[in-house]
Structures are given as structure tokens and as C-alpha cells.
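Trainee: Each chain, written out:
Protein chains: 4
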Amino acid sequence: MRSRKIRMGMVGGGPGSFIGRVHFNAAMLDGQIELVCGAFSSDPDKSREAGEGYYLNPERIYGSFQDMFEKEKLLPDGERMDFVCIATPNHVHFEPSKMALENGFHVVSDKPLTYTVEEAEILVKLVEKTGLFFAVTHAYSGYPMVKEARNIIQNNELGSIRKIIVEYPQGWLSLPLEQGDSKQASWRTDPKRSGKAGCMGDIGTHALNLAEYISGLRATEICADLSIFVENRKLDDDGNVLLRFDNGAKGILHASQISVGEENNLNIRIYGEKGSVKWIQQEPNTLIVNRLDKPIELRRSGNSYLSEIASYNTRLPFGHPEGLIEAFANIYRNLATSIQYKLMAKDIPEFAMDYPTVYDGLRGMKFIDKLIESNKSDYKWTKF
Amino acid sequence: MRSRKIRMGMVGGGPGSFIGRVHFNAAMLDGQIELVCGAFSSDPDKSREAGEGYYLNPERIYGSFQDMFEKEKLLPDGERMDFVCIATPNHVHFEPSKMALENGFHVVSDKPLTYTVEEAEILVKLVEKTGLFFAVTHAYSGYPMVKEARNIIQNNELGSIRKIIVEYPQGWLSLPLEQGDSKQASWRTDPKRSGKAGCMGDIGTHALNLAEYISGLRATEICADLSIFVENRKLDDDGNVLLRFDNGAKGILHASQISVGEENNLNIRIYGEKGSVKWIQQEPNTLIVNRLDKPIELRRSGNSYLSEIASYNTRLPFGHPEGLIEAFANIYRNLATSIQYKLMAKDIPEFAMDYPTVYDGLRGMKFIDKLIESNKSDYKWTKF
Amino acid sequence: MRSRKIRMGMVGGGPGSFIGRVHFNAAMLDGQIELVCGAFSSDPDKSREAGEGYYLNPERIYGSFQDMFEKEKLLPDGERMDFVCIATPNHVHFEPSKMALENGFHVVSDKPLTYTVEEAEILVKLVEKTGLFFAVTHAYSGYPMVKEARNIIQNNELGSIRKIIVEYPQGWLSLPLEQGDSKQASWRTDPKRSGKAGCMGDIGTHALNLAEYISGLRATEICADLSIFVENRKLDDDGNVLLRFDNGAKGILHASQISVGEENNLNIRIYGEKGSVKWIQQEPNTLIVNRLDKPIELRRSGNSYLSEIASYNTRLPFGHPEGLIEAFANIYRNLATSIQYKLMAKDIPEFAMDYPTVYDGLRGMKFIDKLIESNKSDYKWTKF
Amino acid sequence: MRSRKIRMGMVGGGPGSFIGRVHFNAAMLDGQIELVCGAFSSDPDKSREAGEGYYLNPERIYGSFQDMFEKEKLLPDGERMDFVCIATPNHVHFEPSKMALENGFHVVSDKPLTYTVEEAEILVKLVEKTGLFFAVTHAYSGYPMVKEARNIIQNNELGSIRKIIVEYPQGWLSLPLEQGDSKQASWRTDPKRSGKAGCMGDIGTHALNLAEYISGLRATEICADLSIFVENRKLDDDGNVLLRFDNGAKGILHASQISVGEENNLNIRIYGEKGSVKWIQQEPNTLIVNRLDKPIELRRSGNSYLSEIASYNTRLPFGHPEGLIEAFANIYRNLATSIQYKLMAKDIPEFAMDYPTVYDGLRGMKFIDKLIESNKSDYKWTKF
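From first to last, the protein sequence lines stand for chains A, B, C and D. Residues 1 to 384 in this note's numbering are what the first sequence lists, from first letter to last. Residues 1 to 384 in this note's numbering are what the second sequence lists, from first letter to last. Residues 1 to 384 in this note's numbering are what the third sequence lists, from first letter to last. Residues 1 to 384 in this note's numbering are what the fourth sequence lists, from first letter to last.
Excised from the complex, chain A in its bound form (with noise of 0.2 Å):
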């Protein structure tokens, strides 16, 4: 049924890389996608010293990703990637998204989308006029239970929607590391390279991601407060944000670097008038349900009373833990299984079509900006 292995490149992931391994630890998991060519860093010796790591065929290890896809584009249809994994920081992600796209490579893309609202604009055009496929790894929505919660309020167990509590707590910027030699941190925190906000921007966008996708509500009002803790950070490593939402249910949303001891926090709490849930990230594999006046119910992973939506997003049985990385790959999988399916020239399932997009990744650098407009504001509501 499977037409064949899909062949992925990569833009980003050389030495020093925390992110671009687990995207190529989650795209090979499956044994679904092949690695078969890479521009791994803008340092020629670095992308082939990282590419050889891969076991990489030395031909297709690039100098530069303009030159990838320069290359790829002209291999025979048995050999040319298919897609290409763009783990670069944050401002170099609009050039091989958009240069991929218009050479005709679907594209998985880490969030921020882009540096800018405008850049990820043309990137949905460019989307929308090649028809090719486009994913933004808000990877935390890829866990089975994180789709059983969105399962649960879309058959309507919780009624209306009231409230939503949204966290995004770390702890791992409470030192001003960029001043030292921590390349995660120094980018991280460099407008030049991160974008107009530090920790909302890089983390607060997932927790609007995550309450968004599960609640299918959209935030329409935000009223923010955004910090800069460590002395002479240049970008926001802490923010705190009043929602409000189109049907009228009200939320906060803070996510923080500077929360010592927090580790990677993100959790949520969504409560209806007959119902509420509640997941946190650190232990992915279960569900907290609660109706009124009933005992607390926690619904595990892998259980045969779950949502088939879990369940397809789901490899182990029930109490052998899962991850991260599965849920990463969930992404891959979804996005390769599309690129099957039209290959072969058939419809593409649902569930294949399960996974951010383009346009999440659109709304997210809105909501960077809204942000910082918020924050400058006298005024308590910004309207998003």
C-alpha cells in the first residue's frame, strides 16, 4: 500500500544542534523516511562532518542550502529528496522554506515559521499556490493524549468552554548564559537571530498552539505583560498574558525561562461547564478528566477505551511509556504518509492530514507581534 521510503534532506542539525537531532531521531523512527542528503551547517566542514554522522552519502552533503536544492532538484525522480527538515534558528528559516517550496520540495519546518509576520505570509501564498506540503513542529500536539483531550471537546463531553490555563514554564535561562558560550542561548536571545520576542516566541507560541488545538477556540483579546529578568538580556524571558477567547471563554497563558527548577513545563488545564481536562507535558501519558460530581478519571495511553485518534497516534501498549520523539514522529509520519498517498495518487486520510501547518505557523508570529504590541500598551486589551 506504502508506495515507497520517503526521502528527506535537511537544512540545520550540525554539532552543537539540540533540536535538529530530534527531528532526524523522529523522521527515521518509523522506518518510513530515509535521510539522503543534508546542508548541515553554513560551515562546509561542519555540514560534512555532521552529514557523515548520518552515514550520508558524501555527494549530497552540502556546502549551503541554496546549493542543496540547487542539486537535488536536478537527481532523477528515484533519487531527488521529497522533503526537506529545516532546523536552523529562527531567522534562517523563511529562506529555505520559501526557496524549498518554490523548487518544488514539501517542507518541514521548526517554529518560529519565520523572523517576521510578513515573511510567513508569503510563505502561505507559496503554500497555497504550489499545493506542496508544508508542517510546523508544534510537536507537543503530536502526543496520543493531547488528541484525545481535542477528541473529548470535540464530542462536546465538556459543554461550553469556560476557562483555559495554559503554562509554559522553564527554568533554564535564569542565568545569563548567552554571555557565556551556550550556543542554544546565545541565539535564542539575539534579536538578529531569534525575532522580535525571546521566551514567548519560542516556547509561549507552542502553549498558544497547544490551547488552541485542543480547545478549537481562537484567542480574539490578549492583555500582556512581558519581562526581561537577567540583566542585559536584549529579548522577554518571561511574559504573563490575559486571554480571551470567540466563544466568550476567558484564559491566561505565562510561560517562562527564568522559572528555576521548572524543566519543560508546558501543561494545560481546560475547563467546560460539565467537564474539564487537564495534561502536562513531563508526563505525556495520561489524561486527567473530570466531570461533575464524579471521581477523577486519568486516561492512560495505549487503552482500548481511548479515541481512535489517540490510538493511531499511539505505538506501545498501555504502561510502556512513550515520548517526546514518538510524538515528533507523529508528525513526520503524518506528513510522509500524506506524500504517499499522493504519490499514488490517492486521497489523502484524515488522520494523515493531522498536523500543524503553514497556517499555525502564520499565527503564531501574529501572535508574537500582538504581543509585543500588547505589552507596550496602556490600554488592557489588544485585540488579536
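Simulated from the structure, these hints should not be mistaken for laboratory data. Computed from a predicted structure; not experimentally measured. Virtual Cβ for every residue (Gly too), placed ideally from N, Cα, C. Please note that a few of the clues may not be correct.
Claimed, not checked - Label-pair ranges, simulated between beta-carbon atoms:
#1 I122(D) with G131(A): 20 to 26 Å
#2 E308(B) with E79(C): 39 to 45 Å
#3 Y55(D) with K192(A): 39 to 45 Å
Please arrange chains B, C and D on chain A, whose structure you already have, making use of the hints.
Mentor: Just chains B, C and D, lined up with the frame of chain A:
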């Protein structure tokens, strides 16, 4: 060393009262206080019924608090009550408190202190004038692990505080219970009996008190978004608030009575430059302490490694859970001990003065006013 | 309806006693019992000091329990104590219990009931002869969620029980504290004061009582491996036991006082054909309930969905934690209520008779004997 | 540095296989191994179907493992598989393992190693004779926090070990699934395919392996009580075992497949003189560490304070959960790395040799034999 048992009278706490019984249990626990009289209800039959349930001398079961103060005042030194416990709905806090002070009785009052800020200020002046003791039962500050958290911050173990998140979600008012026969729901959602605020007055004030008690900081600006989610309800049943503190720290306070599935989930996280603390009221005997790049630390009540103030407020060895009645009892014990020292004309030791006072009550009343003001304002920040 | 306050005398509970204070707090909590006399120590000065701390009439502070029973017996009906609380080390349980019964006083005794099985049998006969009430403080059975678990099994919600695992690990005797100045460690590790067993008598008996109380089953065969890990200790400080129950269920019971890091971690899991329950003493307000192919269910104390017996034994609404003193107080309340009914010559309702009795005490004593026997045996199974 | 990708063949893992897919995912994750051939089922059609699902060259999809070994052996160096993964039911472990070794292929076999101890001993001898690598997937030892625990004990941070409790409860065989159409239940409860033991062979051996791997101790005496709870089942579905270790430590091991509500709850506690560790497979990224009179310590995977061996076996930063596939993948990665070093004729570094071997497999087989022996014995202790 202890002079004698301290004698308590009660106002409120008749049939159907939840908090009255808690006050009673807490006062009894240590055997340092005896109940000698009460005006348990404005209905004399109900008052008598309640008093008999407490095994009181029928002559000292009163039909009104006015009657109680007048009669008790005339009793001889060896019989007269020493202090009054006020456990009535909010609109009946001020009058008995005022009358108690005017007649020479110490007071333990439930919160909020009064119905208006002006009344609260009158009580403050009366306390200052009479020198009587006045405790307000922000009882969550009575937990030993809360005191441990406060001690950690006082010792500067966390460095400068950057962020405080305090939550108080409940779900019990998710349905319009006040339109049925729930006595608790009825008065708490009635502006005439509850005051200007509903949820925020009932529990939001606890959250602020806890944050300020542990951190030693004061909120100076607030930005509030209050909601009424249940149709025809007259007071807020949910509120989200951004905070700014006097040292530059940022914060979030949210409280709710429509968060289905939440029981009484008061919890707080305080992040400083060097570490953080986290405490959850529903598992009160554990304090989570984090320090930069160290394993998470769980401090548990009853252990020898805890501070003196935590140990002083603990009755049982480690692993033997204590609950809310014990936390409540710490306020009663400290007040009773203060009275005993006063009776013996001795200086009152610091540990006995560790309970929330009329000043905390006043601050809570002001907070309610400011929340209402901020909620109506188009501007982001309201000075507090 | 309640006749009058019930009057308690105490034996033991002097300076340095841990459990004496717990008994006192538990007895006081509900205001249904008053302490009227006591023989708190075999040292008259210490007894007086303790009695004064309890604000007792000096005339009713006795230098010995013998003296107490003799004098109290002669007091008029309206003054004489109704029952005695025995909170002494193990070797001083039997004599005061026996003398109390012989003089017409009801008894609440700490466990183990006596020093030997023979003594326990004497007490059983005396109880049967006198018709007096005799409670033994296996207090963990007083928790509401323990009663909920028992109720679930009585209702056959789990089907036939297959497996029981009950654990009681502590770590406080990991070092040879008895060779220092710890009063608690000293008598608990001394065969002359503690009895035939150390750890297993002190806490292993609680574990068995809990398993049999909740399950309604009786252990009929045991296979024990007891250990002394700390050098020069005279009694077991750890024990592992296989169990077989009267219905064919299998089980494990293990207790320890050398499990470093464990506080007082009594916990139990009971598995039936159709479901299971799990309860952990250190988080006593939650009961975990599982049913075949269903989400995990967390039942929480204070909720309306619980059984009547759980609700009856709960004082606070959901989310307001209760602890060990409240569980202990349930025994006192039920005994005092039984006495009140008896005083009124009324039938004692079933809920008031729900406390561990002299028969539970006897069973604990036999368990200790059988553990010692099994531990010495080369054969796998010892009949119980 | 790495010579080349390592080539894997598979035996088993056809349609309906659970563990085969886990082996595959684990092998793929790091991109260090490629699947080149397989004999996925004894039914050639099913084998071909499975092989196509893995995108294999049809010429290298074999109808039997015998065929596979014979054909692969003849392939040139640059194509021939390097090792075989054996993911068949238990009774088909020995033959392919033996044949692989005899034909010069390294082996990764699922556990239990073989059907009988005698077969296991044959494999040990073949491994010793050939010098080939042989990994057995006691995969739980692949978790980084398990390795952290082992490291703590190797560093003597806990002092002499006194007590070990290892549990492996599951509930999935609570009903007679083998009498329906469950392929997994069918072979696991069939003595002809599973071996002498059911539950104890399937998961009890994992529990023993984990206890011995972390503690560095060896069980020397056991006392077992095995049960069959489900009617007409032919093999044990539950077992309780007392243990004694070579250093004098005591222990308990229990495993179950009829513990309703338990998913895959392998967990272990090891208590020493000075401290203890606790690890729970279902929350694998946390290790609980206790030391005398210190707060509880939670060590979390990915943190800089962990041991080198834990860090080496972790792929993601703290707070990004890893699961069982990653633990499994550590075995594959280490084996593949060992092969690469061997191909390069270099000394194999210690970290690459950290996986369970044929000796662990043999020990598991002996444990099964001794459990059966002890279970039948009237004597308490059976030497192991």
C-alpha cells in the same frame, strides 16, 4: 507555665454551617481552649439546638451576639469568655467584631474581615485603641510547610524573587446551586451578604494573603479580568489577575469557583534568582524546593531538617499527615497562647504572634475593592 | 440527643510521649469528650507536670493508674471518668486495661493489645463478661477512604479477591538510635517492654489489621522472613511475609523500620477479578479504584459520590485535607457515641460500633506469635 | 569515526507482533542501523507482507530463518547483514539464535533467552566460542535513570544494601483472553510456546534482572508462591517470591498478570544503610533518592548533575520525556557501536558494552527453573 484554659464564645456556626464547625474543631484540638458560650444563630431555637450540641450550659446559649456580649461582660473574671470566634456569613462579621472589641473581648474572625473597607478601617482603629488581639482566619498560612516556605525566602535562599503564581481554583459553583437550596451557595453569591465580590472575595483574598505571607512582598499594581459564567449569578465566579510586586517581581493570581473537577486547589509557586518553592494545599505536608541545577527537593513536614517555625507548627512525626484543621488550630493555639501570656503579664513570644491579623483583613478588603476597580477599567494597571 | 460529654482518664502520655498526645488531640477534636483525670507517668512529678499541662484539677492527677482507678471508682456518677485511654509502652497495656475493666471503665488502648497472647485472651474474656466497650487504636482503619475501600469490597464491586499487597515501610530506626537517648527507640527495641517482636509488632500488626479490615478476609497461612539489620539490636527491624487468605487469595505483607527515606508509608493494594483498590496512608484523602478496561478512578474524600460510611467519617468538604488525628478521632467519636447511647439506654447504631476492638487486638497478638514461629521454621507455611 | 551503518535482519515481527515493532523502532531511532532482510513469519505470505511494510528488497524477504541465514551468509561483505534481531515467541528463540551464531552473525534476542536452561547453556558456549556479540533485551535496564541508580550504588552512596523490593504487576490477563482470539495471550499462556513459567517467565525475569543489574547483588535463595487464578489457564499468572541476596540483603519480588488496573508497573526500591533509591518504569525519567534525614531528592533525566553513564544514555534535554523505545534503542545503539568498533578493529569502549548479554539470559532461565522448584517445595528456601 500556662495560666489556664482560654474561654471562647462563638457567633455563628449553627446548623448547616461548614466553617463554624471547622473553627470549633480547631479551637478544641489542643485542649487549650474551652467553649463556654455562643450565639450560634439569629434564630434562638437554632442557637439553642446548636449550643446543646456543644454541651453548653443553657444559660450561656444566647439568642443574639448583642445579648451575648452584654451578659458575658457582666460575668466574673473566672467565668467570662476571653475571646469570641466569628463564623457568620460575611455581612455579619463587622458588627460582632466591633462590639466584641468595644466590650473588651479578643476576636478570631473568619475572612473577609468586613463588608466594606470603611468597616475594616474602623476595626483596625479599635484594635489599635484597645490593644486587644484580633486574628483573621486566613488559615492556609497556618500550615507548617507554608511557614517553611516563608522561612526559606526570609533566609534569602531563593535570591531576589522574580515571579509568583498563585492559584485557587474550585469547581463547586459550576452549576447555579444558589437557585436551589444550598445555604453555602446562596449567601456566597448574594451581594447583600457576601460583599462586592464573590469568588474573589471568598477565595481570591486567601490567594493574595498566601502570596504576600510567604514572599514577604506586597502587590502594588493589578490587572483584573473577572467573570460571571453562570447565568443569573450576581457576583463573579472566576477571576484572572496579573500582578506586579513592590520589588519588581511579576505575578499571576487566578481563582475560580466554576473550574469543574477542582476541589480546593489552592497552590503557589514562587521563583527567585537562585531557586523556587512550590506548595499545594491539597497535599499540604510536602514543600517542593528547587535550586539551580540541583535535583528537586521534597521537604516533608515533621522532619528534623525543617526550620524551627515549621516544627513548632507541626504536631505529628513525619509521615503522619496533618490537614486543614491542624493548620486552623495553629491560629487558635497561637492566639490562645498570646492571651495566656497576657494574663500572666509576660512578653508575648514571637512564635505566638504568628497569625493573620486585622491588618491582613484590611488588606484583603482593599484587594476586593481594587479588583472591582481594575475589572471595570480599560487601562491595564490599577495601583494597589 | 447526646446525653452529655463523655469523661476520659489517661494512663501514660507524659513528657516525651508521641502517641499520648495524638490520643489526646483525637479525643478533644470533636468536643464530645473531656479529659478529667490521668496517671501520665510512673514518676509522680512527671505525672503532675503533664496533668497541669492538660489544665487538670490537681486532685485528679494521679501518681499511678492503680491509684486512679481506685479513686475514680469512688467518685459520684456526675464526676467519675467514663473510660480510660491507655497510651503507655506495650508492656504496660495489660495491667491498666484489666484493672479498668474490673472497675467498670470502658477502655481505649493503644496497640499491641498486651505483651502476650494469654493476657490478650484474659482481656477478651473480661470484655465479654463485663459488657464494657474496648477499642484498640488501629487508627488507620479510621480514615474515610479506608472505609470507602471496605465498602467497595463489601458491595462486591471487585469480584472475588485474588491478591493483597500491604506494605508498612519506615526508616526511622536505620541507625541504632536505641543506643542513644531516643525514648521512642529505646522501648520499642527492648524485648522487655515491646514484646516478642519489634517492627512486626509495632507496625506489622497495623498492616495485617488494615488488610483484613478492608478485604473482610482472614489470613490463614503465613511464611515469614524477619531480620535484624542494625547491629546489637534485639528485635526484628524488618520483615517480609507471604500470606494466604481464607478465600484462596494470595498476599504479601512487609514492614520495615530500616527502609531509609520511608516515613510512615503504610499502603495497600487489593486486586479482585473485576477491579482493584489502592490506598496510601501518606495521601489518605485519595482512593485509587481500577476496573477492567476503564480509566483509573480517583475517589476523593468529601465528595457526594462516596458511600455513607465514608461520608460519616469525614469532617471537611472535598479538597480540605484531613489527616491522622481525624482518623484517630473517628475511633474516639464512635466509642464516645456508643457510651452516650448506652447512658441513654438506647440501641447502639451500627456506625457507632465501627472501631477496632479487643478481638482485633487479640488477633494482632496471635499474628506476632505466628510470625515468630514461622520465622524460625524451615517449612514454608505456618498455619495462622 | 563510525565505520558504516550496521545491517540488521529480523526473525519474527510479522503482523500482530507487538515486540517486533518495538525492536524495529528501537533499531531505527538513531539512524545507525538499517534493516536489510527478514524472515518475519513462518507463513511466507505473511513474511512477504511484513517485509514490504518495511520497504525491503523483495529478494531479501525470506520464508524462514533457516533460509535467511543460508542466503545472507553467501552475500558479499558490503551487503550481508551484520546481526539478527529475534522477536519470535519464546519457543522460537533458541533455534535462530544458535543458527545465527553458527553462521557468524551477532544476535539481539528477546527474552527469555530460550525454552530450557540446557538450550541457554548451549548458546553461552557458542558465544564464548565464536566471540560474537549477543544482546538480550531486558530493555528496562536501558533507561538512563536505571543506570543512574546503578551508578549511585556502585559509588557506595547508599552504604551496604539491606533490602530490595521489585514489583512487576500487570492486569492484562485478568480474563481468560487466551480462550478468545488474542495472539499475545494465546502463546504466552501455552506451555509449549512459552516455557515452564507464564507470568514469571514473561515478566518476573525482567524484575530479577533489574534488581541484580541495579544492585550488583545476586539472589542466592528464593521462596516462591506461584498461582494460577484464571480458570483453565495452564501457566502461572501471578507469583510472590521472598529473596535472599549474596551480601545478606533481603528482598521481595512479585509479578502478576491478573492485577486489574495495573498496566506495566515495573518498579524497584533498594534500601541501603545510608540511603535508598526508587524507580518506577511508568514514570521513567525520575529517580527518587533518599538519604538519612535529608529531604527527598528527585533526579530527573537530562540534567547536568547526573552521572556520565546516565547522560550517555539520554537523547533529550531535561523535561523532554523519553520512553521505552529510547531505552530499547540504547541496547541497539550499544550493540551497533560495538560492532562498528569491531569492524574498525578497535577496542570496544566500556559504555558500548553496557547491555544485557547471553549470561543475563541464562540467569533468567535458571531463575524460571528455580521458581518452579521452590513453588513445589514444602521447604521455605530453595538455593539459587
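Trainee: Determine for every hint whether it applies to the structure shown.
Mentor: A quick look at each hint next to the structure:
no.	hint	in the structure
1	I122(D) with G131(A): 20 to 26 Å	60 Å, violated
2	E308(B) with E79(C): 39 to 45 Å	41 Å, holds
3	Y55(D) with K192(A): 39 to 45 Å	43 Å, holds
In this structure, the one hint that does not hold is number 1.
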